[in-house]
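With the hints as your guide, set chain B onto chain A.
Number of protein chains: 2
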Amino acid sequence: MTRERLYIYDTTLRDGQQTQGVQFSTPEKHQIAQTLDKLGVDYIEGGWPGANPTDSEFFDEVPQTRARLTAFGMTKRAGRSAENDDVLAAVMNAGTRSVCLVGKTHDFHVETALGITLTENTDNVARSVEHIVGQDREALFDAEHFFDGYKSNPDYALEVVKAAHRAGARWVVLCDTNGGTLPHDIHEITKAVIEAGIPGDHLGIHTHNDTENAVAGSLAAIDAGARQVQGTLNGLGERCGNANLTALIPTLLLKEPYASQFETGITLEALQGLTQASRQLDDILNRVPLRQAAYVGASAFAHKAGLHASAILKDPTTYEHIDPECVGNARIIPMSNQAGQSNLRRRLAEAGLEVDRDNPALPRILEAIKQREAKGYTYDSAQASFELLARGELGVLPEFFEVKRYKVTVERRKNKYNKMISLSEAVVVVKVDGEKKLSVSESMDEAGSDRGPVNALAKALAKDLGRYQDQIADMRLVDFKVRITQGGTEAVTRVIIDSEDGQGRRWSTVGVSPNIVDASFEALLDAINWKLLRGDG
Amino acid sequence: MTRERLYIYDTTLRDGQQTQGVQFSTPEKHQIAQTLDKLGVDYIEGGWPGANPTDSEFFDEVPQTRARLTAFGMTKRAGRSAENDDVLAAVMNAGTRSVCLVGKTHDFHVETALGITLTENTDNVARSVEHIVGQDREALFDAEHFFDGYKSNPDYALEVVKAAHRAGARWVVLCDTNGGTLPHDIHEITKAVIEAGIPGDHLGIHTHNDTENAVAGSLAAIDAGARQVQGTLNGLGERCGNANLTALIPTLLLKEPYASQFETGITLEALQGLTQASRQLDDILNRVPLRQAAYVGASAFAHKAGLHASAILKDPTTYEHIDPECVGNARIIPMSNQAGQSNLRRRLAEAGLEVDRDNPALPRILEAIKQREAKGYTYDSAQASFELLARGELGVLPEFFEVKRYKVTVERRKNKYNKMISLSEAVVVVKVDGEKKLSVSESMDEAGSDRGPVNALAKALAKDLGRYQDQIADMRLVDFKVRITQGGTEAVTRVIIDSEDGQGRRWSTVGVSPNIVDASFEALLDAINWKLLRGDG
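Chains as they are written, first to last, in UniProt numbering: chain A, 1 to 537; chain B, 1 to 537.
Bound-form chain A, shown alone (with noise of 0.2 Å):
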């Protein structure tokens, strides 16, 4: 049997830059779409050239791509011609060969927000259309709104759309504009589109996630015949985002009825890269990556719950729907739970540790994990501290150094302008091959404003450590998370570091105390050791 061709348009870097908060560089742009390419996409949405400088600039060095780099803008305006619109020109200059129109076809949007005709709007449409198509390029129009333009009126929704497959245009999109549409309604209209004579392969959808449904709404479509899919790299866009690719791609290349009846431009192997692509997507915006994302978090393949993480001890399928390497995913089974030694020794061996099955210091790591974590220690994050633990009771850690003493002063008071500042200072003592060492910092930044008291221990400690100061200089505390948590009856605080070196390792360490300033520097002793045991400058 033949496989009908699905075609994947992504948006993220026109529809993507939409999301509050997000405005790529035109450097970011290009990252994006190599990575984009790589993974397979057919179309990559570049932007509006012409709205913004960035958008116009990315055009001005058209990355080498596979995929169609297509331009977006908007259909021409009343009362002048496709060649004598200075918007639609701008967009037709950037030469790319394809050109995506968004034109409304809500007659509601039309009269209110045009305040044009119904009649002119539609002549906007194919006229516009004939234009890109004369250009010798490929035309797609997104019909804007057109979900809730068919529910109020639905033969001039359907006048518009045919308009638009009639001049030519190689896809008309139906976009859910305001993302409100369910997905049962999608399925609904989009088969009656089909049925008024525009073919499910020259119908694309994009979708909205304002109920959490863009990604069904996306799957209603394509059961009712669509084969363009349109949506972002984890789902970003405007509002609560647009259909997620990083969701959709998956379930479109692995579970059925898709799997078979489907063929796309993405490879399996290329699926491989999927996590990372959804990664240094969240690495250039800075953005903490959501550990429960579809197929990419780092939590999708975690199995918490005990009787879960035995059964998936026995047989993966019990409790994945899908082989998380598919995704370039890895399965987590936490250690908070009796998952045992298999998996400890797993760990262990990422580690570095390769431990034999009847090392009698197996059951000992367990215990010990266990007592700490009833502490309010955790170790499904902080490998590293992890790591130090089980080499303790392995009896492979070294004493590097050992710390006598601190002192943290934390001063607020006015200044001699009578301005209320504040004031950290941190003496620590510790003791390396024999020879004591006292250092002090205080806490400031070079706008001259108190970082507070862990910021000052942190520079303390690391002040001199005698010969092991040249292995810890180029390591910097990258990020410190607190959470105040339940110690046996009291509550305690969890301080959770993460460091980062000149050769791109990062690892994470922890520390319990009722007093957070001690949880801290127990966070940055193991910090400092895990480093001195890789021993390197």
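Since the hints were derived computationally from the structure, they do not count as laboratory data. Values in this document were obtained by computation on a predicted structure and should not be read as measured data. One or more of the hints may lead you astray.
Chain copies aren't distinguished; within one or between two, either way the pair holds.
To be verified - PhoX-like cross-link-like pairs, simulated, lysine-lysine; straight-line CA separation at most 20 Å:
| id | residue 1 | residue 2 |
| --- | --- | --- |
| 1 | K419 | K255 |
| 2 | K375 | K38 |
| 3 | K437 | K414 |
| 4 | K437 | K407 |
| 5 | K431 | K38 |
| 6 | K404 | K414 |
| 7 | K151 | K431 |
| 8 | K436 | K459 |
| 9 | K481 | K375 |
| 10 | K431 | K414 |
| 11 | K162 | K431 |
| 12 | K436 | K414 |
| 13 | K431 | K407 |
| 14 | K437 | K162 |
| 15 | K255 | K463 |
| 16 | K463 | K431 |
| 17 | K162 | K314 |
| 18 | K255 | K151 |
| 19 | K463 | K437 |
| 20 | K38 | K437 |
| 21 | K419 | K431 |
| 22 | K191 | K463 |
| 23 | K416 | K459 |
| 24 | K436 | K419 |
Frame of chain A; chain B shown alone:
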């Protein structure tokens, strides 16, 4: 036309706790239960009594709720009677009116995971349900892996759920445990179950978000006839989470065909508390609320695109599928903050401050909130700090006392028994009624262990406030949450403090600073000032 009753079943406290990194304390579980009850869900699944200490503790002091509090467990094991199964007994002993038991319906799991015969399993399910019903309780049966089971062996899957139904289960809940079933299949299989003889008003649906279709899958089951829907606030839950009630509830109440078809226990008035309920849960979990969340996200009604923003100003329905106020959210239009004023007046009224529509302080308060939120403050849950800020702008905030300065020291060193100990000490200088007062406290609990600098500061601050001393004598700090957040370009620390007094009042305050001690001190000051405003001893 009479509307059909649709039941909402919340499992935030049970399945939601399977989220990686989530571990509610017992007081947190009580707080969430109260929020859910205020919202108006029909069932609150509180946990698995006997499976872990927190769950057992929660049921020891069953909260008074209008919603049915439900204990969760598993069907009896083979080879013993329901009466003699200690795991089941622990669940029954929680004494709840409703009991929900999970059991297998997938032949593969029965034979592989349990290693018993199909007949034994069916019998376990039937006997367990009979046991609940025999004790005059309401029985619910969670049919684990039902959809996968139905695909593998429809006759057997149906046999099990029919046995549960015949045994008297008020609800048979079809669970898509692995989260891999797509909405279309959920629809077809739910229809098949109804055709096989279990009426829709005895059928529930429980989905997971592994393909980002949990909400759509729930709607598909409701479309097919199921009349109970399970989910969690903010879509918490194992792996990618459960069906997100925060998205489902507004869709069911506000959007067609559901709004006309169904009656739920949730009023349109209670629905206006949804955004706050969602953010409160994030505060408890110390999570950053998801901006793009459907309905309740800070970006859900943010209109960035120029064309959209100008149309919204003409008529909000042009780019909004519902009115944001229906869910207690607010429209955001860059360069315009006329949104929010009515919302602001509603919050002021909640604090007992009736403010006229044309009061010039209203835009000032909005502006102050906006500026402080840009610095890292949050007022969604810190209602007491919000009230103090508003009172300041309204000119109705008395100055009870002034803090002149403070100093805190944390020291860690060996004691005379050569054991590492820590000590925190705080000095606070305040001016009350023109009189300067110096107080010093150290932080030591009954067990002689150090509770840290914030505790020492709180004690010193509350030690002598002159004539206000009696008024604060019955207040205590019950929770303390810390998050590192972005205030402008630098990371800052946000502290939220929950306080309680002898009259059962509970209030939250917020402080922000790069210095964690400063941030805590600011939140402490707000907590005391709010208590003094209430003016009673």
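Within a copy, between copies, both or neither: which one fits K419 and K431 at a CA-CA cutoff of 20 Å?
between (40 Å within a copy, 17 Å between copies)
Taking 20 Å as the upper bound on the Cα-Cα distance, should K404 and K414 be classified as within, between, both, or neither?
Answer is between: at 8 Å across copies they meet the 20 Å cutoff, but 33 Å inside does not.
As a check of your reading, is K437 near K414 (CA-CA no more than 20 Å) within one copy, between copies, both or neither?
The answer is between: 16 Å across copies meets 20 Å, while 33 Å in one copy does not.
Given identical chains, is K38 near K437, meaning Cα to Cα at most 20 Å, within a copy, between copies, both, or neither?
neither (44 Å within a copy, 59 Å between copies)
Could you figure out if K255 and K463 sit no more than 20 Å apart (CA to CA) within one copy, between two copies, both or neither?
Answer is neither; intra-copy 55 Å and inter-copy 62 Å both fail.
Indicate which option fits the pair K463, K437 if close means a Cα-Cα distance not exceeding 20 Å: within, between, both or neither.
within (10 Å within a copy, 38 Å between copies)
Please sort K431 with K38 into within, between, both or neither, judging by C-alpha distance up to 20 Å.
The answer is neither: 42 Å in one copy and 58 Å across copies each exceed 20 Å.
Using 20 Å as the alpha-carbon threshold, which applies to K151 and K431: within, between, both, or neither?
neither (74 Å within a copy, 66 Å between copies)
At 20 Å max between alpha carbons, let me know whether K437 reaches K407 within a copy, between copies, both or neither.
Answer is within: at 14 Å inside a copy they meet the 20 Å cutoff, but 26 Å across does not.
First find the shortest C-alpha distance between K416 and K459 inside one copy, then the shortest across copies, and answer within, between, both or neither for a cut-off of 20 Å.
neither (27 Å within a copy, 28 Å between copies)
At most 20 Å between CA atoms: does that hold for K375 and K38 within a copy, between copies, both, or neither?
Result: close neither inside a copy nor across copies, 32 Å intra and 33 Å inter.
With identical chains treated as interchangeable, where does the CA-CA distance between K162 and K314 reach 20 Å or less: within a copy, between copies, both, or neither?
neither (56 Å within a copy, 29 Å between copies)
When the structure is compared with the earlier hints, violations turn up for hints 1, 2, 5, 7, 11, 14, 15, 17, 20, 22, 23 and for no others.
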